[in-house]
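Using the sequences and the accompanying hints, generate a full structural model.
Chains as they are written, first to last, in this note's numbering: chain A, 43 to 241; chain B, 43 to 241.
Because the hints were derived from the structure by calculation, they are not lab data.
Same chains, same label: a pair holds when it works inside one copy or across any pair of copies.
Here are the simulated lysine-lysine pairs, DSSO-like style, with alpha carbons at most 30 Å apart:
| hint | residue 1 | residue 2 |
| --- | --- | --- |
| 1 | Lys133 | Lys209 |
| 2 | Lys169 | Lys140 |
| 3 | Lys204 | Lys133 |
| 4 | Lys140 | Lys67 |
| 5 | Lys133 | Lys83 |
| 6 | Lys60 | Lys83 |
| 7 | Lys83 | Lys67 |
| 8 | Lys60 | Lys133 |
| 9 | Lys204 | Lys169 |
| 10 | Lys67 | Lys133 |
| 11 | Lys67 | Lys167 |
| 12 | Lys140 | Lys167 |
| 13 | Lys167 | Lys83 |
| 14 | Lys169 | Lys209 |
| 15 | Lys204 | Lys140 |
2 protein chains.
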Amino acid sequence: MASAYPPSLTALIEEFEKMPGIGHKSAVRLAFHMMNVPEEKARHFAEAILSARGNVRLCGLCQNLTDEEICPICSDPRRDRSLICVVESPKDLAAMEKTREYHGLYHVLHGALSPIDGVGPEDLKIKELMSRLGAEVAEVIMATNPTVEGEATAMYLSRLIKPMGIKTTRIAHGIPVGGDIEFADEMTLTRAMEGRREI
Amino acid sequence: MASAYPPSLTALIEEFEKMPGIGHKSAVRLAFHMMNVPEEKARHFAEAILSARGNVRLCGLCQNLTDEEICPICSDPRRDRSLICVVESPKDLAAMEKTREYHGLYHVLHGALSPIDGVGPEDLKIKELMSRLGAEVAEVIMATNPTVEGEATAMYLSRLIKPMGIKTTRIAHGIPVGGDIEFADEMTLTRAMEGRREI
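The following block contains the structure:
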């Protein structure tokens, strides 16, 4: 039996169902929400999708998402151009920026090395990173995730970059602030012990 | 500090955040999903919203959502026109249709009476229901929800319709199939006892 909803509504429900983490019930709820908001708001939403798709591109330098040729961070004269922090994704960059503590530049790899998933160096923005490593760069900070893939990527990059006479560092792993040693996993505890500092 | 995402992407995240049940993290995830699908699919999605908004209207008879003047159910000659099943919402109608057991017509009220929320008879599609109650209608089935509002609405409608010499009935309440008596609430158990039938 066909859906009890009209074809155009069924089509919209199916579109929502294609999105990650959206099941059938959520898709119905979201599609009905779109039916119930004022027409102008629905058009607004559709235009926001098209506008984001039309305007967002990768920054010519750091490969972060941006509406411009060069992103606001790369074109900000107050940022320290001797530091490049390498992250896997724009979300990681956003998290880092939220700390307000880092004032260098970034480089977004758009992934991490993963032979199992068929992700090799040529699938990441590594060529673009290498071409940025001029004389003004003093340190490249590996802020990839503390996963097998993230570690492998940090290791791979550091082997490429160190011979160029540029310092490469890895962000510290350890007990999260506010975390509980009792509940920390062994890997994290091991890393926390290894990274201990004199106080 | 401004968002680390470009303005057009931030705008899209904010649009997703306006949707029911979508928090900030889900909104970011959905917006990034839209950035990663092929451009054609993103356009497809935007068009599905506009198409649903542009085409979906209320059926001239039953008030269900439809792409046409009169919905496929109302215009289906095989449906029993002597039966009208009154539901609160298009979703309830869809649930009923899924059973494949009911072959009469429907009427969608688009809500239930709720004095507390300021929903009176004139806010529901009651006038439209009354105008459909011609000589061919033998029975009106109240399939409003088993809530205070749904019960009040069923009662209100039955008082309007009964004097016209049309039979009004209420769907049965009781233990859900596969449900457990041990965990049924008192109201449901009471209704199940009241609705008992000889076997």
